[in-house]
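Participant: If you want the building blocks of each chain, they are given just below.
4 protein chains.
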Amino acid sequence: MDVAIIGGTGYGAVELLRFLHNHPHVEVKKVISHSNSGTDLAEVYPHVVDIIDMEMAELDVDTLAEEVELVFFATPSNVSKNVIPALVDKGVRCIDLSGDFRLRDGEKYQAYYGEEIAPREYIEKAVYGLPEINKQAIKQTSILANPGCYPTATTLGLMPAFDKDLVDRSSVIIDAKTGVSGAGRSLSLNVHFSEMNENFKAYNIGVHKHIPEIEQILTDRANKDIQVIFTPHIVPMTRGIMSTIYVDMKDNYSTKQLIDTYQTYYQDHPFVRVRKEGVLPSTREVYGSNYCDIGLYADERTGKLIIVSVIDNLVKGASGQAIQNMNIMYGWEEKTGLDQLPIYP
Amino acid sequence: MDVAIIGGTGYGAVELLRFLHNHPHVEVKKVISHSNSGTDLAEVYPHVVDIIDMEMAELDVDTLAEEVELVFFATPSNVSKNVIPALVDKGVRCIDLSGDFRLRDGEKYQAYYGEEIAPREYIEKAVYGLPEINKQAIKQTSILANPGCYPTATTLGLMPAFDKDLVDRSSVIIDAKTGVSGAGRSLSLNVHFSEMNENFKAYNIGVHKHIPEIEQILTDRANKDIQVIFTPHIVPMTRGIMSTIYVDMKDNYSTKQLIDTYQTYYQDHPFVRVRKEGVLPSTREVYGSNYCDIGLYADERTGKLIIVSVIDNLVKGASGQAIQNMNIMYGWEEKTGLDQLPIYP
Amino acid sequence: MDVAIIGGTGYGAVELLRFLHNHPHVEVKKVISHSNSGTDLAEVYPHVVDIIDMEMAELDVDTLAEEVELVFFATPSNVSKNVIPALVDKGVRCIDLSGDFRLRDGEKYQAYYGEEIAPREYIEKAVYGLPEINKQAIKQTSILANPGCYPTATTLGLMPAFDKDLVDRSSVIIDAKTGVSGAGRSLSLNVHFSEMNENFKAYNIGVHKHIPEIEQILTDRANKDIQVIFTPHIVPMTRGIMSTIYVDMKDNYSTKQLIDTYQTYYQDHPFVRVRKEGVLPSTREVYGSNYCDIGLYADERTGKLIIVSVIDNLVKGASGQAIQNMNIMYGWEEKTGLDQLPIYP
Amino acid sequence: MDVAIIGGTGYGAVELLRFLHNHPHVEVKKVISHSNSGTDLAEVYPHVVDIIDMEMAELDVDTLAEEVELVFFATPSNVSKNVIPALVDKGVRCIDLSGDFRLRDGEKYQAYYGEEIAPREYIEKAVYGLPEINKQAIKQTSILANPGCYPTATTLGLMPAFDKDLVDRSSVIIDAKTGVSGAGRSLSLNVHFSEMNENFKAYNIGVHKHIPEIEQILTDRANKDIQVIFTPHIVPMTRGIMSTIYVDMKDNYSTKQLIDTYQTYYQDHPFVRVRKEGVLPSTREVYGSNYCDIGLYADERTGKLIIVSVIDNLVKGASGQAIQNMNIMYGWEEKTGLDQLPIYP
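Protein chains in written order, with the working numbering: chain S, 32 to 376; chain D, 32 to 376; chain F, 32 to 376; chain E, 32 to 376.
Extracted from the complex, chain S is given alone in its bound form (with noise of 0.2 Å):
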């Protein structure tokens, strides 16, 4: 099958190439970059020199959906918005990187992007590409909205506690820590080299685009209103994020009995590993991979329960989690191309 990726010069679609290397089905026919085109993509990523040969081309709508059956979009806020209705309309489905069809909310999209949202009858389209709660409709879609980093590492921590009723739903507090790589290759002071090096910071606190998009989930799954604490950190590394997640217990379960709900949980998804009782997972675990590790804690002294959650933000966060949706779409094995081990040390 021949796909496209557009976006060709951040690192979302230099790891879809990664990926995509080395999956049986797909070859990408085009890398579309408007700020690089008529460039050779190992111009501007060295790394792939002598295996991708490959210059990177301007977007024209028409010829690509003659050309390709599939585009991802590795673009930045409100791109795809513009570029994506037309390419449906035209039969090519499109999985989406970038948030631009993750809310549907109108107002908050505006709020947190800046600009207005995607017409209302894309945004219905939409599917919000989590695997692990939401496989049949990934299925359907012609328009996959491939979920946020610190979304897909919260979510998938808190769902089990969440669906079976453990937790009271209106505490959740998340202290979430990013890897730089998150902060994608546009350059900026706050991710200098010099600066950012043996330095860990808070940024965002309040107004990051990652906390309506949790909120929308919760609210999906609780049924009500719910709003989160959400404080994003940065880590001197490049890759991999960990949610630290705390929440109310509603009763006073042991660690031990969460584990198995959460094992019991997770048992048919191959890419979320809940570690037994005393261990809890390190970002190193899964770099490079597309698992998503949690480990749990259950304070019996205050009736607190916390939940560890890590990912590689560029793999589970972003590009390995929109193959394991490209397989799904297509009726794939959902492993297909992804079944790597995580590259350690």
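Each hint should be verified, as a subset may be incorrect.
No copy labels: a pair is met if it fits in one copy or bridges any two.
[Stated by the list, open to error] 30 Å max Cα-Cα, derived DSSO-like pairs, lysine-lysine:
no.	residue 1	residue 2
1	Lys139	Lys166
2	Lys156	Lys281
3	Lys60	Lys366
4	Lys60	Lys121
5	Lys166	Lys366
6	Lys255	Lys281
7	Lys170	Lys60
8	Lys240	Lys139
9	Lys240	Lys287
10	Lys121	Lys287
11	Lys156	Lys121
Since the hints were derived computationally from the structure, they do not count as laboratory data.
Guided by the hints, dock chains D, F and E onto chain S, whose structure is given.
Facilitator: Chains D, F and E in isolation, oriented as in the chain S frame:
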């Protein structure tokens, strides 16, 4: 004034040496190390070669009591409690960077430190050396229990809100992050470079020694039994601690109001810097210095106050605070030997 | 085909497991570890939990010889020399990632490895497994001495210049830099995180085990006794090696001419990529992959050729090259199981 | 004494501020920044908040000449050459951390710096400020050309061997490595965190501005035209430079002999520390300090001397050396304001 340092091969000791090197009133007469007695300090720490020419010595309490007026203990747990009583009986004042004299409750000491607490009469003599809340008592004491790194960052972050009765004191959640030097110089797979680099971990949830220490201080201030949630994490960098603290506000305070309260509270305390609205401190901004920087965010949506408090774990979290305490104990200006800019970048 | 790995707790072993996990013709039947026999692999390396379910075993040569066709040794020095002879005698082929069978000269082995060399008849059976120069011999061998990390990067960087007689072969200076994982998983103060982070060190000047290995290869190619200057350094990162090599040119070649020669030389070798003029490879550009990337600069002012050669020390410098050798030994396509993009960033 | 700093938003300037903060004879009256005039210094560098309260100013030569006795230039290339003449004419002494006044040869300046050199009369006034070889001239000068970071580490490493005629002066190869802060605070993809972290690169081979600077010093000392090979690399850490230098010995000196010669050579120079036999300095051992540490290894097999010389690029390689030069210019003790231990770890 002549002083000695016990525990000469740890990071606490070398950081004491760094600050004492520029202290106008003090000379380090002796560095004691059981494991390295007879070895030149510069063999163990080559960065002091040609600057400090000193052979490390074995501990001998009688000699020591004749040679110095003050002894710093930069020792592991359960060492100083066996030595300080004898020194104090001989009229030597002691500043203990370990946790042996911090807790008053013998059962908790036993539970978290695994041994019996120091004799009661010496525990009663000991003063908890957080200068910003305890300055008067520090002046007189002969046994100064220098606070732990996490408790320092956390307590300074919470104190104004507690003392001014702005928050529900039973709702405290502390998500803490430390640089790797907090684990000391003892070898361990956890902090082996290839295991810790490009990695982010949670550890010791529910069992960290600093839990009872934080709770003791907060309980003292609140005049009622306080329990906290405390989750420590380790960051792939050498120095720095951040405590991100979540607590329920009693009223709908604005960020600005809280900052004003904090700035007033700390106006006579030169090492606490409360940042202005919209600015959160990062760990690099206190690197190598004795500052504790605090940022605040009142989340009006959820009624939570989020406090970000950063220190250098080896300075305000250990050796710098010990010097600050010494200055107070001897009536010197609090900043003597500590008045340096953070190292940036 | 069933294989075993001896040395199950080292980084070489886990990296073998990563590549063999995706190898179509091979199954890892057994992982042997003396220090951890009886322990689950996932206890020691949690990143494989729920993927590899295997208890590590004690070594038993007889059983092993019945169970597998091929054994990988990812062991410290002076282990495989005591085991490989017995296995080979029983018809098992061995790939040795350690240095035990690399040197032919018993005195040099004694001088650099501190023990007696393996029995002569087995040393004579062994083939030095650098596929780019030794492919024919590799096919037949039962004892494959997998090259060291530094010798791989260095030799591949020098070979075309040596073989095409472009340089004064007695003028080689190698300034080499490695990531920390090259030091393995054994604890040591040198690679304790707080000692190695934000630090850059030279080490083992004049005594590194790879000196006689490099000299042996170069001597073989030059047909005369070659001595090199070799200075290893350690870089605060986990993976990657760069050899910066200085050698006198025999004539005033241009950079362009040399690049052409190198590209022709390596045209049938898929894992060596010679960069175009003006471009030097960085270690990240081969991260996690089996590529060796080479950049050249002919300094016309001084007549020196400067060669920059990079590999991932754990892949082309160890486990990836071992897989490549296995592929050749069994007549499989050289890239089988290794055809992956480097991980970037 | 009142001084000013021009170039207030660079790392050179903040490092000057750090050392001048503890200098007993100097007050920083003004910090000048074209790009940030009118902004509080603490807005741009939050680590100085509540310590330095100063608004950055626009440059006005006339006012400046009235307000201060000495001006530090921590500016990019080709700035100071347009300002220093006017200041010097008004009797202000200048210390220039940029390269504008380091080279005497106008053609080379043009070739490496891309513009015309400063007017000849001012170039002739300028003194190259490497205190260990040039102390007398430094005392008198009104234009102090503060050396580059690489030339400082390299020259100090070579000087005794050159001056004592121990080596073939035409055989110098310098393999140099720097931390990322050497690239300054200007944004660039090269030093974007995710590109530079876990990466090691060579750069600017054959075209680095420090080549003519090193050659000029060596040529002066050798009294004949010296050309060097100089290959700079960048290390994923913030601070530190190591020059590993290779040079042919004229005789079969032992390491011990050479160390004796070096120690004697530097006995009156407090910031150069020559390590004993068998010990090589690492960059961390001079972190944050003005020391240059040198290790030697005489390779008797090949007749090469290998010199390892380390500095903190922002201190002895820039601002610390500038303070040292100021101390000499004003007749103060050379270590004034610089007598601090390196920060370890």
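Participant: Compare the structure with each hint and give your call.
Facilitator: Comparing the hints with the structure gives:
no.	hint	in the structure
1	Lys139 / Lys166	within (26 Å within a copy, 49 Å between copies)
2	Lys156 / Lys281	neither (36 Å within a copy, 44 Å between copies)
3	Lys60 / Lys366	both (22 Å within a copy, 23 Å between copies)
4	Lys60 / Lys121	within (18 Å within a copy, 51 Å between copies)
5	Lys166 / Lys366	within (14 Å within a copy, 35 Å between copies)
6	Lys255 / Lys281	both (17 Å within a copy, 25 Å between copies)
7	Lys170 / Lys60	within (23 Å within a copy, 37 Å between copies)
8	Lys240 / Lys139	within (9 Å within a copy, 43 Å between copies)
9	Lys240 / Lys287	between (34 Å within a copy, 24 Å between copies)
10	Lys121 / Lys287	neither (51 Å within a copy, 48 Å between copies)
11	Lys156 / Lys121	within (15 Å within a copy, 65 Å between copies)
Comparing the model with each numbered hint stated earlier shows that hints 2, 10 do not hold.
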